[in-house]
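K.L.:
Got chain A; can you put chain B on it based on the hints?
So the protein lines, in turn, are chains A and B.
Take the numbering used here: the last position of the first sequence gets the number 407, and nothing is skipped along the way.
Take the numbering used here: the last position of the second sequence gets the number 245, and nothing is skipped along the way.
Keep in mind that a hint or two might mislead.
[Said to hold, decoys possible] Below, a list of computed lysine-lysine pairs in the DSS-like style, where the Cα atoms sit at most 30 angstroms apart:
(1) 125/B to 233/B
(2) 78/B to 95/A
(3) 97/B to 95/A
(4) 43/A to 95/A
(5) 161/B to 49/B
(6) 78/B to 217/B
Since the hints were made in silico from the structure, they are not lab data.
Note that the structure is a prediction, hence the values are computed from the model and not measured.
One letter stands for each residue in the lines below.
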Amino acid sequence: MLWQLALRNIWRNRRRTLLTLSAMVISSALLILALGIFSGMLKDMLASATEQYFGHLVISAGDYQDDRDMFANFSSSQALEEQLQREPQIRGYSKRLRSFGLLSQQRNSGPAELLGVLPDQERQVTNLHQHLVAGSYLQPGDSAGAVIGSGLARRLGAEVGDSLVFVTQAADGSIGNDLLAVRGIFSTGVHRHDNSLVLVPLGWLQQLLVLPERLHEIAVKIEDPLRAASFAARLQPQLEGQLQALDWGQMLPEMREVVASYDVSRMIIVTILYIATGLGILNTFFMSVMERTREFGVLMAIGMRPGQVRRMVLLETLSMGAISLFAGVILGVLLSLYMAYVGIDLSGTLSPITYAGGTILPRLHAVLEPANILYPALSLLLVCLLAGFLPANRAARMQPVVAIREE
Amino acid sequence: MKIFLFCCFSLPLLATQVLAELNLRELIRTVEQQYSGDSSQTRIEMTVKTGHWERHLEMESWSLGRERFLVRILAPKKEKGVATLKVEKEVWNYLPKVDRVIRIPPSMMGGAWMGSHITNDDLVKANHIDQDYDFRLLSEDQQSWTIEGLPKPNAPVIWGKIVYQLQKQPLVPQLVEYFDEEMILVRQIRFTDVQTVDGRTIPLQMTVLPVEKPEEKTVMHYRQLDFDVDLQKEFFSLRQLKGRR
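Extracted from the complex, chain A is given alone in its bound form (with noise of 0.2 angstroms):
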């Protein structure tokens, strides 16, 4: 009786409840679409740092990571890798060693960063095979070639197919030098890796360090990169010796930061939002509620009792903000998918921009997340029930004999 009451009351100003209607719907359809983007660009950042350099953590013998000293390298042993193959939520590892050095090509040379990877390995961890723009990844088995970053081949003019001298000190503190054949070019618009990073053959490497067998560090890719950190001290205890494993929060504090205050921006943003919407619904609803006072005192003077009015009111609100919080969750879903698969590219107008050691790419992106759609969603109906609960007490403290007086 009292739903039909409601949706009865909904139905007879149609104007009015659709007004609302589209408030709601529309507030909420955008505010999934922003928190989406707002989404999108930080899951670009954190790749930037992680998907295309990092990895998810990073497994290295002492703090290799504060200095990058050539020495606190160790040698990966059955046991371990066993045990990275062993964890579900690992999606891939890729052993390591790096070195820092001379790279020249005829009379151009600059300073480079040399990354010695299994080709196989770093496929699964970075995603620099998806940036290349000239030649090709590493193949496995490749004894003496090179991918390189397109700022550090334009500054070389180095193209495919040239050979590149690169030396350095080695482990034994002779003087490293070997040739490298380019075989591709990748540009991922973090110009940090694009003009210093190189991608070698880790035997290629490691022979020329003079550190056979030895590793710099073990890159983990995994499968949700913000459980990173509970992920590293798990395996922290599993790991033998002077080993660390570190997630990208601790290698990069100031994305930490970032990621965890947007978290508390995300609920700032709703709550504004939220406010604004949940004026205007009460504003619907005091009205409508004003309007009907003489009806209010025909229904208690027939004996409809004021808990029933307050709930009927209520009923009204709540099933509004039910219609449009399924309206504008399929709204804003459906905008959300345009802005992932689509997007809009801004790279006409704005450069990269490199931000707590990420970049952040100039395009706008959404990522679907639970969370971007659960928090719109739960605050729409909370803001139903605040904005309806005001009125519906009003209707149900009337005198029904004054009520049924009032013009």
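P.N.:
This is chain B only, laid out in the frame that chain A set:
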């Protein structure tokens, strides 16, 4: 008139100052070029010691004036033929293993030369210390001078301060200390084994000590030194760097 008077009084003053300055400058110049002279040919043994390794190198070097210098490694076998050529402000390395000449870019000038505690900058800029710094006598006693060098404004230098301890008779350096821009002692070079070679009295052993890493050092020992050898500018070429005559 005032200007004329000013000149009369100040010129002699200025002159003596300039003279004193010149003497110090001249002293430093002599010391900095003790191993090169107008031209030279040397054989050097270099020992580099770090926390992780220790190695011995034998090298042969030639120099002409301030601006030309060539050094080639003779031993160990792995690095035989590796050579460095400096002409004016440029430094090239030759790597026989890959048969390539590499120009050292400005950004790598601070890097270690041949794995030692000497940097490429030392090769390029040490010869200009007397031009790039202003000198002042800190103290003097019977046997020695202590001279402080501060960089001239805008001079392209790496050190914030250099302090020389020179022995007077015969004139040889004993200790040179290098400070960074924050005036923190970074590196010491000690000179020992003073001998008379080819008519000159010079310390044959030079020990470079990085202050931050007390366990590390580079010792250069001159085994053979010939001055005023017959060398032409053309000798210091990329061709010569590669060891092809």
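K.L.:
Indicate, hint by hint, whether the structure satisfies it.
P.N.:
To see whether the hints hold, each was checked on the structure:
no.	hint	result
1	125/B to 233/B	holds, 19 angstroms
2	78/B to 95/A	holds, 28 angstroms
3	97/B to 95/A	holds, 28 angstroms
4	43/A to 95/A	holds, 25 angstroms
5	161/B to 49/B	holds, 26 angstroms
6	78/B to 217/B	holds, 22 angstroms
Of the hints listed earlier, there is not a single one the structure fails to meet.
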